[in-house]
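Visitor: Now for the letters of each chain:
Number of protein chains: 2
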Amino acid sequence: MKFTVINYLLSFVIINVAILTVAIAGESERQIGYGRGGRMQGGAVSERSKEPIQPIPVSFDYDRAKVELGKKLFFEPRLSKSGWITCNSCHNLSTGGADNLPSSIGHKWLFGPINSPTVLNAKFNVAQFWDGRAKDLKEQAKGPIANPMEMASNHELAVSVLQSIPEYVGWFKEVYKDEKITMDNVADAIAAFEETLTTPNSRFDWWLKDYDDKLSEFEKEGYDLFKAKGCINCHNGFGVGGNSFQKFGIAKPYDKDTQTLGRYNVTKYEKDKHVFKVPLLRNIELTAPYFHDASTWNLSEAVNIMAEYQLGITLTAGETNKIVAFLRTLTGDQPSIIFPILPPSTANTQKPDRN
Amino acid sequence: MKFTVINYLLSFVIINVAILTVAIAGESERQIGYGRGGRMQGGAVSERSKEPIQPIPVSFDYDRAKVELGKKLFFEPRLSKSGWITCNSCHNLSTGGADNLPSSIGHKWLFGPINSPTVLNAKFNVAQFWDGRAKDLKEQAKGPIANPMEMASNHELAVSVLQSIPEYVGWFKEVYKDEKITMDNVADAIAAFEETLTTPNSRFDWWLKDYDDKLSEFEKEGYDLFKAKGCINCHNGFGVGGNSFQKFGIAKPYDKDTQTLGRYNVTKYEKDKHVFKVPLLRNIELTAPYFHDASTWNLSEAVNIMAEYQLGITLTAGETNKIVAFLRTLTGDQPSIIFPILPPSTANTQKPDRN
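Quick note, the sequences are listed as chains A and B, same order. Taking numbering that gives the first Met the number 0, I'd label the letters of the first sequence as residues 0 to 354. Taking numbering that gives the first Met the number 0, I'd label the letters of the second sequence as residues 0 to 354.
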């Protein structure tokens, strides 16, 4: 009997040691896989930690209840007047966080004036929208809900729809401690969800972390050209873009679209005419058509247009191919989203209006 | 040393016994939870196995590759002319498999002529569409893609779009062994995905499996009324409906919609005018508005309309409340879907056309 008890206790020790061993192994694998951030094993700093592009961080603050609420709102058709259009309608997480249209289709099939930017990695943008008129994702989220050409609702209506549904009242109370739902909190929750929509682990990011075989020679030559030709001057950082405003047509006036004024609409400075936020190049192979005016669906052509109008150079076909090959290494893990289940409307919920 | 080895081996035995115990417990729980099908423990047949409503089966044949392909197609905007509308646009899995609109919004914001039925549990329908013009889900799936008021594409175009994307070519080849994608296989894969969209484990289904406390007395009285008043005559089986065609207006001509001819359009028999497939009542609390003409958003009112026009009776408010309480117990587990990631278009992919 005594032997059995000792045996029993010892078996626990063995189990626990086994569990600990597995846990430690897992942790160290994670450190190698994800946590190195350009540092080589043993603490030596990788040469590549000085590259002008940084790997997308794989860990971040995460408020589970808020993000889950934001996800529901991102897919919530009742935030639109018609009860049909959602954030995901134009920022489709199935297709690179964009709609792959020249410009978005909105309420009553109206077309927006500009190409929808991807929501993926949007947190790395210095500001939101092509003209930067929203300072952050929270401010951005309020725009389309009330835009008559997009979701065509208004903030008062959108909030009252949510307030009429007891499940939403409970979720908002859990996250924000308020009895009343506010547009500020709606936008805050959507932004919190959108902040999770990053795409780490691209082949290029692995290469930045010293996994040499993640890029081919051809792709590495593309990256070298990307730097040598000057693309890197604007397309750098976590998002490979998104952190500055630049005139479209630095080397040569951009004649394909002289109407869209961009940043000027926000600042009213003459110098900001045709100035736009530099788009992110992460997952660029997924988000055709390209540029604010969607003037091309072809990534090679987009690279050549940039060379011509921004850098004042002409690339050889071989150079373009290499740069495009490099750009395709920037596609990272797409967000894995469990499609949310939304609570039903109640008798107090404003009915959708398709007109 | 020898003691340690014995101890080590014994600990393995203990661990394995523990694992086995857990496994057996899990298995027996699963049998109780899912596998009983109306049979009580010990082999005695439950009284409730004779009820006219059957619990939704929780296991079914499942071709993983085909279902995964079908899921991608269900969420594939490029099956529409605009590159924007998907199966999910009108059969939204976030909102009970329907769009919660009077009738669906389609290409160029055209409105369909009839309320969109839910895709959830649609496999239990005797035929598809309100008029039963498609014999099964596969035949149904072909309809909206080519309907000018819905996705507004055509079968040739839809197939050529998929054929232009190498990932789809590979997936279709894996599932169907053909080099060429066909509309028949597209519809087959979508149907295979839709067959998985059942909603088992409603409280009512648990009650059918002898878990008495899953329903309140009030709800049970509602079910008794549902049977006693005659609702059960049409709303029975796995789907609580869906297995017959009936005239809307058996007891009294339905004067709110005299235009929609229903089954007559398929058969051209005079007797089939205003005859419709009996809708499923599973998850009915999620799929307002109700009836082919969406004439009410209120479930109590829907029950009263049925009583008046189909059964020729008037329910008391108390009876209606009880029946509605019973109907709310029919909401089952909603499908847990990982939002699919779709492959990018290529230079050969037909561009979306919003016009």
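The hints are simulated quantities; they were obtained by calculation from the structure and are not laboratory data. Bear in mind that the values here come from a model prediction, so they are computed numbers and not experimental data. Misleading hints may appear alongside valid ones.
Copies of the same chain look alike in the list, so a pair counts if it fits in one copy or across any two.
Said to hold, decoys possible - Dumping the calculated DSS-like pairs for lysine-lysine here, alpha-carbon to alpha-carbon at most 30 Å:
#, residue 1, residue 2
1, Lys107, Lys350
2, Lys270, Lys122
3, Lys49, Lys107
4, Lys255, Lys350
5, Lys272, Lys219
6, Lys255, Lys107
7, Lys107, Lys141
8, Lys251, Lys137
9, Lys107, Lys251
10, Lys213, Lys172
11, Lys251, Lys213
12, Lys137, Lys213
13, Lys137, Lys172
14, Lys137, Lys228
Visitor: Up to 30 Å between alpha-carbons, please classify Lys107 paired with Lys251: within, between, both or neither.
Guide: Neither: 38 Å inside a chain and 38 Å across chains, both beyond 30 Å.
Visitor: Is it within, between, both or neither when you check Lys137 against Lys172 at 30 Å Cα-Cα?
Guide: within (19 Å within a copy, 44 Å between copies)
Visitor: Please sort Lys213 with Lys172 into within, between, both or neither, judging by C-alpha distance up to 30 Å.
Guide: between (46 Å within a copy, 28 Å between copies)
Visitor: From the Cα coordinates, with 30 Å as the cut-off, is the pair Lys251 and Lys213 best called within, between, both, or neither?
Guide: neither (36 Å within a copy, 72 Å between copies)
Visitor: Up to 30 Å between alpha-carbons, please classify Lys137 paired with Lys228: within, between, both or neither.
Guide: neither (36 Å within a copy, 53 Å between copies)
Visitor: One pair to classify: Lys107 and Lys350, alpha carbons no more than 30 Å apart. Within, between, both, or neither?
Guide: Both, since 17 Å and 22 Å are each at most 30 Å.
Visitor: Is it within, between, both or neither when you check Lys49 against Lys107 at 30 Å Cα-Cα?
Guide: Intra 50 Å, inter 50 Å, cutoff 30 Å: neither.
Visitor: Check Lys255 against Lys350 for me: Cα-Cα at most 30 Å, and say if that holds within a copy, between copies, both or neither.
Guide: Answer is between: at 20 Å across copies they meet the 30 Å cutoff, but 43 Å inside does not.
Visitor: Is it within, between, both, or neither for Lys272 and Lys219, if the alpha carbons may be no more than 30 Å apart?
Guide: neither (36 Å within a copy, 69 Å between copies)
Visitor: One pair to classify: Lys251 and Lys137, alpha carbons no more than 30 Å apart. Within, between, both, or neither?
Guide: For Lys251 and Lys137, the Cα distance exceeds 30 Å both inside one copy (35 Å) and across copies (54 Å).
Visitor: If the cutoff is 30 Å on CA atoms, where do Lys137 and Lys213 land: within, between, both or neither? Let me know, please.
Guide: Neither way: Lys137 and Lys213 sit 36 Å apart in one copy and 42 Å across, limit 30 Å.
Visitor: If the cut is 30 Å between Cα atoms, do Lys270 and Lys122 qualify within a copy, between copies, both or neither?
Guide: For Lys270 and Lys122, only the intra-copy Cα distance (26 Å) is at most 30 Å; the inter-copy one is 61 Å.
When held up to the earlier numbered hints, the structure conflicts with 3, 5, 8, 9, 11, 12, 14 and fits the remainder.
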